[in-house]
Amino acid sequence: MDAQKEVQKFKLSTLFFMIGCILRASPVLFPLMVLLTIMSIGVSAYALFMLRDATNGIVDMLAGNVGITAVLVPVFLYLILSVVLEQVLRFLVDYTERHYYKQADRYFRVLLLYKLGKLPQVNMYDSDIYNKYEFTYTYLYMFQQLPWHLISFLINFSFSKLLYLGIIFAFNWVAGIYCLILFIVNIVTSLIITGKQAKVDKENVGPRREMDYYRSLLQDKAYIKETKINRLEKYFFGRFKELYYTIRDRNFRIQLQDNAVNQIISILSFIFNNGLIFLLIYMVSQGRINLGELALIESAGMSLVYAAGQFKHPTQQITQFVKYAPTMISMLYPLTKEEREEMRERDYPSFELKLGEFESVALENVAFSYPHQKGDAVKDVNLEIRRGEIVSILGYNGSGKTTLCKLLVGILTPDQGVVRFNGRDISDLDKNEYYKYFGIGFQDYAKYSLRLRDNIGFGRIENLEDDEMLAVAIKKTNLGNIIDKLPEGIDTILGKEYDKNGQDLSIGQWQRIILARAYMGSPEILILDEPTASIDPYEEERMLEEFRAALEGKTAILISHRISFARLADRIVMMRDGRITEMGIHDELLRKKGYYYELFSSQQKLYQSEVTGDED
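Count along the sequence shown from 1, add 28, and you get the number used in the working numbering.
No lab work stands behind these hints: they were computed from the structure.
Note that the Cβ used here is the ideal one computed from N, Cα and C, for glycine as well.
Warning: the hint list may mix true and false statements.
Claimed, not checked - Derived pair list, reagent style DMTMM-like, types lysine to aspartate or glutamate, alpha-carbon separation capped at 25 Å:
id, residue 1, residue 2
1, K143, D458
2, K475, E626
3, K146, E580
4, K504, E366
5, K407, D598
6, K382, D472
7, K459, E367
8, K434, E610
9, K143, D122
10, K146, E417
11, K143, E417
12, K382, E417
13, K464, D512
14, K143, D494
15, K582, E610
16, K503, E610
Unchecked claim - Label pairs and their in silico Cβ distance ranges:
id, residue 1, residue 2, range
17, Q247, E493, 40 to 46 Å
18, E493, N425, 35 to 41 Å
19, L43, V138, 19 to 25 Å
20, D472, L43, 39 to 45 Å
21, A499, K524, 25 to 31 Å
22, S629, K382, 43 to 49 Å
23, L144, I275, 21 to 27 Å
24, E412, L144, 40 to 46 Å
25, I66, K524, 39 to 45 Å
26, S534, S388, 55 to 61 Å
27, L51, N410, 27 to 33 Å
28, S629, E369, 53 to 59 Å
Please model the entire structure based on the sequences and the hints provided.
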């Protein structure tokens, strides 16, 4: 979504769709609010006529035409309706509204996070998608408010205020026209200001995200070291201030216009208020209306004056909501029946491989390019990996190894070609069932600031609390020595994002945890992406021996730019510029004296230099 250029239309069908969504989120409270509001308006309107009758009764009583008993009934009814029943109904509306917002907010925020988790991985590389998500998350409260505000607006302003306006027209057309003009002025000014505010809000999404990023560079511990050493504080702070002032100035200009409109409306309301009072007094003096009718018109007029002062806010909100709703709907919906049921599920079912026993996974003529990037990251790739085979995919950084892995797993979808699992196109499979066959240690792995148990167990969430399965994964990666030194053992919180007692670990320790996560549950296919990237040759040699034992009888894909992994592989796949350039076994590829030979020769010298300590 380009926030500055996107133009979306709000249709009446969109409103009905949103009401349907609201009724799913709050099937009782929303209809109850509507009913209570209609009852409140009915009581208020009837109270006006009771006020007229009470006023005329008092006048007749003072003139000696009726007794006090005849006056008490309308006075009592007016007090009951306007003071007691009307206030009780308003309290019930407000109380129900607060609980409705809590209920709807919880539902739609859960839905937004659920739908975000369902987005294809490729969308995560598109900044426009992130802008759209950030925009939806920021203004999500509007989604649950729009249907209610529109209905409430129709009831409170279109019905009750038009009724009052009709009463005033019936007694004096001049006062009626004046009220109508006041309403039209409010509507027009509100639409203009709200349209500008909506445009500014969308323009600010990108700069606000960039501003938040520069703030993170100044305060997140991952950046502090380099920020200080390279003296970047002034530069980052300067960019933060520049973006902050840009956003502030845009909002300030809109606020100035808004304040000017408010002053105009206040002046018009003051003139109308006093003008109406003098007009009614004049009409009474001329005998054109009685005092009861004066009280009725004055009360209706004051209600309109108050509504005029309050009119701008709901119309601005509704206009703003209407402009935002299509963007939010596209982020939250469609939502299938199966997805709604999945959202309600609390526990994971027992682990089961429903796609049959793994035999092979293959890429056929696969190509892929990332959004907003020139050229293909992977081009014309054909590769089949069979059960029990260990394949090493080698190549320099940027050669397409990790992208190929993500295509194989199904996280990314090919632009052309197909990925097959046991001969079936994976696009026809349930992705969650397909994912179960893999244990993956990504190069850009996730470090969860949670228990160590969680960081391992997330490799198979269904068995998170299975101590026996965790113990197997821990043993395969020799994590026992690390766990023994932690204050709470396997239940120690890692990282200090929210817990001061959390423990920070080294990169090497984290890599072992990621390997244990990949091993969790003995997956059918193990994928390790640069598992020794930050480890010295001595530690790498020790880990290779561990891999050798752990991979025995397994299907594995080992991705690296280091030739050491070739020793573990049944087959070596060489990648360069997104293509497979060579494939074979170690001796065969050396005899070709091609890309593998070049990589092997250069790294052999490097390893010898690191081991002997020689320097150029």
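Checked hints:
Among the hinted pairs, K143 with D458 is consistent with the structure: their alpha-carbon atoms are about 16 Å apart, no more than 25 Å. Between the alpha carbons of K475 and E626 the distance comes to roughly 35 Å, so the proposed pair goes past 25 Å and is violated. For the hint pairing K146 with E580, the CA-to-CA distance comes to about 35 Å; that exceeds 25 Å, so the pair is violated. Restraint check for K504 and E366: not satisfied, since their Cα atoms lie roughly 38 Å apart, outside the 25 Å limit.
Note on K407 and D598: the hinted pairing holds, with a Cα-Cα distance of about 24 Å set against a maximum of 25 Å. With a CA separation close to 29 Å, the supplied pair K382 and D472 exceeds the 25 Å bound. A threshold of 25 Å between alpha carbons decides the hint, and for K459 with E367 the separation of about 14 Å falls inside it, so the pair holds. Taken as a hint, the K434 and E610 pair is honoured in the structure, with Cα atoms around 20 Å apart against an allowance of 25 Å.
At most 25 Å may separate the alpha-carbon atoms for a hinted pair to count; K143 and D122 exceed this at roughly 31 Å. Between K146 and E417 the alpha-carbon distance is near 31 Å, which puts this suggested pair outside the 25 Å criterion. Pair hint K143 plus E417 does not hold up; C-alpha atoms about 36 Å apart against a cutoff of 25 Å. Restraint check: the Cα-Cα separation between K382 and E417 comes to about 22 Å, which is no more than 25 Å; the hinted pair holds.
A distance of roughly 30 Å separates the Cα atoms of K464 and D512; the hinted pair therefore is violated under the 25 Å criterion. Taken as a hint, the K143 and D494 pair is broken in the structure, with Cα atoms around 29 Å apart against an allowance of 25 Å. A C-alpha spacing of about 24 Å is found between K582 and E610, which places the hinted pair at or below 25 Å, so the restraint holds. Proximity of K503 to E610 is assessed by CA-CA distance (about 36 Å); at most 25 Å being required, the pair is judged violated.
Distance hint check: the CB atoms of Q247 and E493 are about 35 Å apart, inconsistent with the given range 40 to 46 Å. For the pair E493 and N425, the beta carbons lie near 38 Å from each other, so the given range of 35 to 41 Å is met. For the pair L43 and V138, the supplied restraint of 19 to 25 Å holds, since their beta-carbon distance comes to about 23 Å. Separated by about 43 Å at the C-beta atoms, D472 and L43 satisfy the suggested range of 39 to 45 Å.
Range check, A499 to K524: about 27 Å between beta-carbon atoms, so the 25 to 31 Å window is met. Between S629 and K382 the beta carbons are some 47 Å apart, a value that agrees with the proposed interval 43 to 49 Å. Evaluation of the 21 to 27 Å hint for L144 and I275 yields a pass: the beta carbon distance comes to about 24 Å. Between E412 and L144 the Cβ separation comes to about 34 Å, which falls outside the hinted range of 40 to 46 Å.
Checking the proposed 39 to 45 Å range against I66 and K524 shows it is violated: the Cβ atoms sit about 54 Å from each other. Between S534 and S388 the beta carbon distance is about 38 Å. The supplied range of 55 to 61 Å is therefore violated. At about 51 Å, the CB distance of L51 to N410 disagrees with the hint of 27 to 33 Å. At about 58 Å, the beta-carbon gap between S629 and E369 stays in the expected band of 53 to 59 Å.
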